[in-house]
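S.K.: What follows is each chain in one-letter form.
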Amino acid sequence: MNEQQQTLWGFMRQESGKLAEQTVQHIGLTFISLLIAVLVGLPLGIFISRRKRFSGAVLGVAGVLQTIPSIALLGFMIPILGIGPKPAIAALLLYALLPIIRNTFTGITGVDPAVKEAALAMGMNKQQILLKVELPLAMPVIFAGIRTATVITVGVATLASYIAAGGLGEFIFGGISLNNTNMILAGAIPAALLAILFDFLLSRLQKLNIKKLKKVTASLPVLLVVLSSFYFIPSAYGSKLKAGFTPEFMGRRDGDLGLQSKYGLKIRTVVISDAVMYKAAYEKQLDVISGYSTDGRLKAYDLVVLKDDKGIFPPYYAAPIIRENSLKKFVSLEKILNLLAGRINDSVMTALNYRTDYLHLSPEQVAKDFLVQQKLWKPAQTANPDSVVRIGSKIFGEQYILANIYSMLIKGNSHYDVSTKTGLGGTKICFDALANDQIDFYPEYTGTGLLAILQAPAAVTDRLSTSPDAVYQYVAQEFDKKHNIKWLKPIGFNNAYALMMRRKQAEKLNIKTISDLKRYLETR
Amino acid sequence: MIKVQQLSKHFCDVKAVDEISFEVAEHENLILLGTSGSGKTTMLKMINRLIEPTGGKIEIEGKNIMDQQPEILRRGIGYVLQNNGLFPHYTVAENIAVVPQLLKWDKKKTEKRVGELLEKLHLSKDHLHAYPNELSGGQQQRVGLARALVADPAVLLMDEPFGALDNVTRSKIHAEFKALDELKRKTIIMVTHDVQEAFELGDRICLMDQGRIVQNGTPAELLFKPKNKFVKDFLKEQRLNLEFKSVKLSDVWQWLARQTAKGDVVLSADLSLWAGMEHFRFKEKDVVNIRHGGINEMRSAGFEQLMSAFYQYKKQQSHE
Ligand SMILES: Nc1ncnc2c1ncn2[C@@H]1O[C@H](COP(=O)(O)OP(=O)(O)OP(=O)(O)O)[C@@H](O)[C@H]1O
Ligand SMILES: [Mg+2]
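Here the protein sequences line up with chains A and B, keeping their order.
Residue 304 in the numbering used here sits at position 304 of the first sequence, and the numbers go up by one each step.
Residue 252 in the numbering used here sits at position 252 of the second sequence, and the numbers go up by one each step.
Errors might be hidden in some of the hints.
[Unchecked claim] Among the chain A residues that face chain B by a calculated CB cut under 7 Å, a handful are: (1) Ala114; (2) Val115; (3) Ala118; (4) Ala121; (5) Pro140; (6) Ala144.
Derived from the structure by calculation, the hints contain no laboratory data.
Glycine included, every Cβ here is placed at the ideal spot set by N, Cα and C.
Isolated chain A (complex conformation) (with noise of 0.2 Å):
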């Protein structure tokens, strides 16, 4: 425990500009929305409290959108705002807005009618009652509704990585990305300690008297504007070319890190999910994206792969790895498995992802028009219920294919029974599941397991260079001694990162591999 505290502090202490970037964007992103909240919700709140009968539609409308996944709502917002801060600014907004409405509402129409009577009564017209009356009395509740914001604010405010708006979410996403907890720890724990602390503020502001409170509730305005200022605090170098990362590229040797050390790339970046980036790229909102080479989206929105001369991607090769005991289990489990070994290479596994993610197939329907294809389907057999393999997957499409592939040839050729436990989140998901026995074998890579799951040093991973069957060698044996865990035979294919642009942008500027691209953002 002492030891994981102490690499957490040096992990953050090394990442220590990367961290302050973050908490201030994170901060500037969470007040700019709140502020925009405030301005739109608090006049929204009074304009109901004065027409009661439009209460119920816009409490309606604003409890409706806070109801909707925050992923989905970034979604939502990328064909309109394209990527970046607009649409993160904009899906914070709605979420913070129904308390805020809904608290304003709540205090002003819950102020004794017999104080406002007095008010009116005393000669006071309608905007003093409201300035002089109604508001500070029913400042508390509107405090607790934006102390309430804010916290969801902040919450929130994480998922902006997905979408290039930057924050906190970069380590967390890259650190479950990566089976890297220190990264996880590095994000959640300030984000979490952002959270506690303005909620604290926001109470002892609640707090003081109301005398007090006059004098503060002036200053909120400007307390949140300098805040929300932080966000505006310019990025540190532009370049021609605008590369979209996704979190776990960020953080890995062979990733971010490889391209500027080996490569000396230097390239105006945000961090994005993988989720939009190749659309992104797409709609020319990104010029240099970092995908995989099977993804079937290279072929949907007709990008190219950049050849990787330098040799910093180490190989991906898909396979099996199963836990040693599932393998005494099911006896014949090994053989149907090794059925698969060496039948999809690269193109033909980009061709199926197209099938699915762009085509919008089934991965089952792809899977079995895959296995008929190559003469491997065979109808399901009588399952014997106690006998159940637990697949395995990570959350994309390609692993839903490989998935429903196992599953159709383990019913086919035996009388297990399958069941499988596809969206299993990233690497650190999938394979603390198996390792804890919650499934019995999923698809792996063998760079992901050297980098991610080994996390082998650099002396290691330089001497394997990008080798694959050195790689494949060292991470079956790895696998062995310290999880019990055993590679089975590969696939075929590689899904090893790349480097990809917009073919025609590729072709007009003559890049072809990724010194092309430093030798062309290099020059003026």
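Following the hints, complete the assembly by docking chain B with the ligands onto the known chain A.
M.R.: Leaving out everything else, chain B with the ligands in the frame of chain A:
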């Protein structure tokens, strides 16, 4: 001073106020008395336009109130609410200074006036910076009264101002209320459903029922010349008590003995019979002397004489 003509207020089918007319003279204290739901509050609130009438007209000092901007009108009319309606986020001083602030008085003038009222209403200066929830009900009511009086409006409207107080506090405040010089210069309309209070504080009483005025007259007129059975029944329970309180010693002057008794107690003829009788009860005197200031005469009476004078007076009233 205040003239109400044919005033009505309908809430859908309910005629809360139904073609009411009455006048209030300057410095007069008119009580709107009636059961719950008889339209008293509605009537009162139409005078400062918290409620807009369905029909009819109200004039204050000859000016139709509908011709004035409501905010301006209200700043010139004091208003005391049943549950005081103090601003919970304002201190006592700030609560009292609401209208001066709206009228943009300078700070000195406001402070001076607030201090003056505090003293007149027997509130301690320590309360200036307290919040309403730190005061007792009686104190809150006094602050409410101070707030209504601060700009020295000519007209004061009060809606059951003492309704929420216990009996002891209420009679104490009644006494202070009658003694307060500020109020003697005001034209007051006060709403109550408490008969005792109406008789104690009112120069005139409008007895209301179902949005109409059943009888409008002095306390004695209501007692001794009730217009109908409703008025009689309304006062039935406290009748004797009220009669003793509303008949003054000067009213029964002609039936009192001319000789003076020995003894040092001399009562004023302005006192009620009730007050006179209290002397027998507490002092165990057989006979008291009474001085009639108006005609500078002195007469005397014992308990039984006082009683018989009272019955003669009543007989005469009903024959008139
Ligand atoms: N805003 C309103 N909407 C509908 N009806 C109303 C409204 N205000 C008063 N009323 C009705 O008008 C009638 C008179 O009400 P009002 O409040 O004037 O009575 P009140 O004499 O003051 O009674 P109380 O002694 O209980 O205060 C009642 O029947 C009441 O239900
Ligand atoms: Mg009332």
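S.K.: Any of the earlier hints contradicted here, and which numbers?
M.R.: When the structure is compared with the hints, numbers 5 and 6 turn out to be violated.
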